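Engineer: If you're matching them up, the sequences are chains A and B in order.
Numbering-wise (this note's numbering), the first sequence opens with residue 1 and increments by one.
Numbering-wise (this note's numbering), the second sequence opens with residue 1 and increments by one.
Everything labelled a hint here was simulated from the structure, so no lab data went into it.
Possibly wrong hints are sitting among the right ones.
Given that identical chains are not distinguished, each listed pair holds provided it fits within a single copy or across any two copies.
Taking lysine to aspartate or glutamate pairs in the DMTMM-like style, the calculated list, with each CA pair at most 20 Å apart, reads [stated by the list, open to error]: (1) Lys193 / Glu45; (2) Lys30 / Glu238; (3) Lys13 / Asp300; (4) Lys30 / Glu59; (5) Lys24 / Asp215.
Quick caveat: nothing in here was measured; it's all calculated off a predicted structure.
Protein chains: 2
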Amino acid sequence: MNLILALDFGGTKHAAAVVASGEKHQLSDKRVFSPPNPHAQSDLEIMLSLARELLAGREPRAIGVSFGGPVDATSGKVRLSHHVSGWENMPLQEILEREFGAPASVDNDANVAALGEHRYGAGMGYNSLLYITVSTGVGGGWILNDRPWRGIEGMAGEIGHVVVDPTGPVCLCGKRGCLERLASGPYIAQQTKDRLNLHPDKGKLLRSLCHDNLDEITGLMVSQAATQGDKIAIEALETAGWALGVAIGNVANLINPQRFILGGSVTKAGDRFWNAIHHIARATALPEVHFEIVPAALGDKAPLWGAVALAEDVLMREQGRAGSREQGEES
Amino acid sequence: MNLILALDFGGTKHAAAVVASGEKHQLSDKRVFSPPNPHAQSDLEIMLSLARELLAGREPRAIGVSFGGPVDATSGKVRLSHHVSGWENMPLQEILEREFGAPASVDNDANVAALGEHRYGAGMGYNSLLYITVSTGVGGGWILNDRPWRGIEGMAGEIGHVVVDPTGPVCLCGKRGCLERLASGPYIAQQTKDRLNLHPDKGKLLRSLCHDNLDEITGLMVSQAATQGDKIAIEALETAGWALGVAIGNVANLINPQRFILGGSVTKAGDRFWNAIHHIARATALPEVHFEIVPAALGDKAPLWGAVALAEDVLMREQGRAGSREQGEES
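Could you put together the complete structure from these sequences and hints?
Structural biologist: In structure tokens, the structure reads:
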């Protein structure tokens, strides 16, 4: 039995799993939260001890890693983390290979989650898809021709900073009307708060959910209020759904993939949100361009399952190499 | 010597070329205009006689075809032509294979032009690129991982109907602010005309170029007037450049390709147009996302050279198959 070690370095929590290669249904995994003021070194130590605990003395044959930030997938070096300092140019693949004596493969979380959904989730059997996560931020990962497409610098899938409305509100990145500015959880909350400030007579439900402290409004509260018919909440979610629909319809025209898979906390916002996405995406794509938009199947385990897939691919390459060595074909 | 037959079925003109496989510098080609009220059958006959003339009794070993409309590249069947009737479901590949006794490969003009620029033009040595043609319409073709990316239904590359400004003017397709609506030649002319109607005191130069008949204004006249400093013309070209810049920057974030190659008559509109594209594309893409935007190298011969590349690939596959038959590896 070939043992696979799968690791998911998140912004605020880390998860690890050990699974037998070929196993598709069970993942014995463990997750821990980062301590306050995390640093690369402490995060790495937390993850190593988590992995050792799960391995319990056994040796993995391959390691797959999802990292919450830009990675050079070829060398397995982390470029940086947007949340945690000390990760700059960390040779994560090399460190793990030395630590566990097995080959490793590292990629960023959106690409790895896309791979997870493709191999074990809502993308099974589809050879081209865009996975979009809508949560604190908005990001994406591609599968084209059954393989991850990372772009020339590993930056492909940055759908959060695609401009959908050039006259829209200013995003953290400095541009106007980025998808992330219109559809991410914190911005949905902020838009709602701004509207409530403008209309002190409206949004009774929202005000009670946040105990009249508008700064405490979250995307989740907006979803709850929308389900119960709150107009301001509904408007905020429909704006987010509209922005996602425009982005998805544009991408359908550009790349013509089979499926869009949407994950992340905001995608739990209910029918009104999903209806807006479907309606606007369909209206934005050309009539001849067909596609499906479906919810992610693996939830927050997508990166961990994707890490399993990365490790399976490493094993496959190793076995291919061993096979050709036996046949004496390798020089 | 293996002879290649390359065919380019355009909307208003057809071109054919005969070239020796492996030849990269000379294309003995001929082009003819379609008669008025063209039909699929007459277009096909024109092309066949053009090809026979160039072949002069010799037999091609492979045929590559660029077709000005949607094609099922797998079967080599034309879906339809937007300009000429009678093409619906025409088995073009099969017809040509029967006629010339050689294997053929057919794809739509934007994909084939992208392949031409990739193999023989401004895309040589680049493994991922988007070719964009800006002319009567706006279209595109992808090369990803050194191969054409056509999408699941052959519809990839439809950048002309990507929405760049949801509050913009209405496009022929019914949506607002499509790239084609803002950047194609006829729409640049129309925008200019609308502005001239609003400002009867402005645009002396443009008015003289069209002999005071505003309906006769063309994209070319707008370019000429802009070069000589006409403000209305400059504004129209800067709007087109802005729209292309937004679209390119968004695509860079989404797909992270190495190069954007721009061809078509509108791209000859001068520095102001190109500067707007470069400036806005750079501002729209994330700072970490790098790319180049360059003019096409092959001009209106890109589809013909792309057809040569399609035929070269057919030859390569044939030779691969012959090779494995000799080795007895094929079942």
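Engineer: Taking the numbered hints from earlier one at a time, note which ones the structure violates and give those numbers from smallest to largest.
Structural biologist: 1, 2 and 5
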